[in-house]
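K.L.:
Residue-level listing of the chains:
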Amino acid sequence: MRVVIIGNGVTGVSAALSIRRLQPDWEIIMISGESSFHYSRPALMYIFMGHMSYKDTKPYEDSFWQKNRIDLVRGWVTEIDVAGKKLIMHEKDPIAFDKLLLATGSKSNKFGWPGQDLGGVQGFYNLMDIRLLYENVKGARSAVIVGGGLIGIELAEMLHSRNIHVTFLVRESSYWTNVLPIEESQMINRVILEQGIDLRLSTELKEIVGNDSGRVRGVVTNREEFIEAQVVGLTAGVSPNIALAKASGIQTGRGVLVDWSFRTNIPDVFAAGDCAEIITEGEQRNLIQQVWYTGKSQGKVAGEVMAGKESVYDPGIWYNSAKFFDLEYQTYGTVRNVSVEGESNFYWEHPDGSRSVRIVTRGGAVCGINIMGLRYSHRVCERWVAEKRSLEYVLDNLAEANFDPEFYEKCEEQIIREIKKQAA
Amino acid sequence: MEQRTINYDFDEELLGFEEPEKAPEEPLGTARKLSLAVLGFGILMFALQAMGMPLSGSWTGFLLAFLPVLFGTVFYFYIDFKGTVPGIKHDNIYFRGITSKGALGWLVGVVFTGFYIALYWFPEYLSGGIKIVNPLSVALSGSPANNWFFYGFLYTLAVLIFGVRMFMKYRHNRYQKIRTASVMFFQLGFAFLIPNILMLFNQPEFYLSYFWPLKYDYLFPGTVSYLVNHPGGLGMFLIFWGAVMSFIATPLLTYYFGKRWYCSWVCGCGGLAETMGDPWRQLSDKSKKSWRIERWVVHSILVFIVVTTVLLWINSATSGSVFGESSMSLKKWYGFYIGAIFSGVIGVGFYPIMGTRVWCRFGCPMAAVLGIFQRYLSRFRITTNGGQCMSCGNCSTYCEMGIDVRAYAQKGENIVRASCVGCGVCSAVCPRGVLKLENGGTFKDRFSGSDKPLGALIDSLKHV
Ligand SMILES: Cc1cc2nc3c(=O)[nH]c(=O)nc-3n(C[C@H](O)[C@H](O)[C@H](O)COP(=O)(O)OP(=O)(O)OC[C@H]3O[C@@H](n4cnc5c(N)ncnc54)[C@H](O)[C@@H]3O)c2cc1C
Ligand code: SF4
Ligand code: SF4
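These protein sequences, in sequence, are chains L and U.
Per my numbering, the first sequence runs over residues 1 to 424.
Per my numbering, the second sequence runs over residues 1 to 464.
Hints were generated in silico from the structure; no laboratory data involved.
Just so it is clear, the structure is predicted and the values come from calculations on it, not from any experiment.
It cannot be assumed that every hint is accurate.
Simulated pairs of lysine-lysine, BS3-like, Cα-Cα distance not exceeding 27 angstroms [as the list claims (entries may be wrong)]: (1) U:Lys289 <-> L:Lys410; (2) L:Lys300 <-> U:Lys33; (3) U:Lys288 <-> L:Lys67; (4) L:Lys300 <-> U:Lys177; (5) U:Lys89 <-> L:Lys55; (6) U:Lys177 <-> L:Lys410; (7) U:Lys288 <-> L:Lys55; (8) L:Lys55 <-> U:Lys289; (9) U:Lys462 <-> L:Lys55; (10) L:Lys67 <-> U:Lys82.
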């Protein structure tokens, strides 16, 4: 039995390892055109800033793959012959498969902005983009980043570390406020400004302007303002990378359509991770999850199913984390950017504006927690949300969740006092 | 598929990622220039005196050389970090030659190594410097400076100066600040001032912060009888102190806090690694292979020093009738190869090449003992925060002990490793808040099998 996995990102790797665990004898081939070995995508920025070398971003030693008998192929799949069960490769022999997993990840969004194909304009997702950025920063003095999400702020930090003046265009009235409540969002605004980034809120890109040689010269905003730039980063989100699947007759929507066990419409063909869209019955929207841990857990389940085990994906209780320059952020459960009927928000912010905790309750039970500038325990917060604990219970046990390093200022007393006041 | 994508064939393994171009930086401000000038003046004063300028050997000469060095560097570090937002400061580490084994890194390595060679075998080359610190030596210990005093002085100065740098670099992190203050305190007080002052009062030169087996001769019969026969009660106290620290405090404190209580809070070797060594900590080798070598070498040295100590005692009890001179030659061999070459020349000389804890990791018998306790019978562990790890590798990269922290973190496992010195830097650099150093309520919940420490120890020996 030969399993082939397209993509050596976290999803593909997690699937390969779970197949290996269950099927010691199957042949496993993992293909990627981007890199020879699996590396950590979230670590891309640290390579560019000089925190780590590329090899430091590889989560496993090179010998690990051989030891687990996972064959690595560097190359691009250009077509899937679904009926003939083989992959057509760019400048390489076709590869036959018995079972196939698509773990092709995402691609950067481009919204058809005028000038988006000029030289110096790019997205930021993979090693190709890093190489391109190396070219694009040559001689650059200023840059514009369009789109106020997680990747945009990382790109801002990267360019800033090369001493390039960054203007950050955010369509919303505050950074990432389509996801974060206004208080947290404003805390990040402050962090961005403190770093010397020119943050322009409620500002949209209208046009990217080039010079005679086809390279970007600057951008024009919806306020008709011209901003000079030799580099323009387009970071308005990502969407599932489905071109290959779509061209091969595999059913796609926004992503590759799969059931809760990651089966596509074609037998023996599976898809998971960033590229997958899980069909959800009823009123709920189909599920697309595009973060690291969901890739890891989707890949694990997909691998189990491929290896012949009955397994169904359980997304569990949502969590995530990020770092905005030096400000850490963690979230557990559901915290909405605006408060809705039936939910109550309780929010504490440190007097110096550098830390905050938000607890959201729904029907008397805690359903979400946001933490900025502090570290809270995933397991504890998850348990509270899963057990539908009351606000009172959570406050009584708040110290248990603290995950800050030793000797850090403990804020729990303040937090409890403030939130009790708000609850009263 | 886009042309750019399909044509992409960059070999990231072979070529890696060099430094991207940087927009021109603002020229150094006056404050920085001034502090560099002050530093330069101090170095010049030192060099001139070392070459025979008449001031050498006077307090004026001493102060003219070292005050500018102290203030110049401290002030430089202060303003260098002051202008930045508090947080992790690792930009460009892999682009600068000095911190990434470039030409400058090798040059510094050669200079350090050369200094140690001179110190151990050709102290006459250091006589110029030794003379400059003479007034301090006379004031502190009552006797003229020798190469060891000169070394101790420079060592302490380095810990203090770079301690200030650590303070500034980690001014957002209280664990790092307190820990750095602690190593500065123990180096200055216990490893520099007290031993010298003891000598002033005609007492034995004794380092209260070093114990057997690191200070291997503290439990050798020769040292013990010298201390016993020393007039006044202090000698007896020192033997008592050394024995208590080696056999009671070491296991007890390690049980409660892990080996960090010593390795990254008290010890001078650790003190230098954690301060002056900080820019090079990422150079430690993280491979499984080096872990294997580490276990073999460090435990062999421990066995060697235990055997030597026992033999020396048997020999002294039997007045040399059993082993004759052989145990003495073991002692000399150890002193030369391990004490001098390993801990000094390689241990510090190779900072810019192999990272800062080469000695602590591969050589130190004290670390080996502490490590065995830490692994099997301690409350200390590094816990990981559920599923938050995204395998970025910052923790492993900046672990000076070469522990592949990520390998545990990405599986959500505790990190319970004999070699971990509890410096806390993995936790500090983790961008997702995944790692926490903890002294748990009990030692039993650290890893599966930790409730039977002896069984776990025997098991691990089987896997050797
Ligand atoms: C800059 C950046 C920072 C991020 N930071 C975080 C973070 O901090 N936390 C977090 O949770 N998530 C983060 N993410 C998201 C996270 O990295 C992704 O969710 C995750 O990597 C998805 O994994 P995957 O395996 O599904 O896809 P990918 O990692 O995208 O892997 C897909 C692989 O498939 C290969 N591939 C695609 N098509 C083909 C083909 N036709 N032939 C051959 N190979 C092909 C690609 O080359 C790629 O290597 C970040 C993403 C980016 C871009
Ligand atoms: S630094 Fe943190 S997120 Fe990165 S690999 Fe280590 S534990 Fe995981
Ligand atoms: S594991 Fe962490 S605390 Fe232990 S030595 Fe390495 S970096 Fe320091």
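K.L.:
For each hint, tell me whether it holds in the structure or not.
P.N.:
The hints, checked one at a time:
Under the criterion of a C-alpha separation no larger than 27 angstroms, the hint pairing lysine 289 of chain U with lysine 410 of chain L is inconsistent with the structure, at around 41 angstroms. For the hint pairing lysine 300 of chain L with lysine 33 of chain U, the CA-to-CA distance comes to about 56 angstroms; that exceeds 27 angstroms, so the pair is violated. Between lysine 288 of chain U and lysine 67 of chain L the CA atoms are separated by roughly 13 angstroms; this keeps the pair inside 27 angstroms, and the hint holds. With a C-alpha separation of about 41 angstroms, the suggested pairing of lysine 300 of chain L with lysine 177 of chain U is violated against the 27 angstroms cut-off.
A threshold of 27 angstroms between alpha carbons decides the hint, and for lysine 89 of chain U with lysine 55 of chain L the separation of about 20 angstroms falls inside it, so the pair holds. Taking the CA atoms of lysine 177 of chain U and lysine 410 of chain L, the gap is about 16 angstroms. The hint holds against a cut of 27 angstroms. Between the alpha carbons of lysine 288 of chain U and lysine 55 of chain L the distance comes to roughly 15 angstroms, so the proposed pair stays at or under 27 angstroms and holds. Note on lysine 55 of chain L and lysine 289 of chain U: the hinted pairing holds, with a Cα-Cα distance of about 16 angstroms set against a maximum of 27 angstroms.
Among the hinted pairs, lysine 462 of chain U with lysine 55 of chain L is inconsistent with the structure: their alpha-carbon atoms are about 32 angstroms apart, more than 27 angstroms. Only pairs whose Cα atoms come within 27 angstroms are accepted, and lysine 67 of chain L paired with lysine 82 of chain U is rejected, the gap being roughly 48 angstroms.
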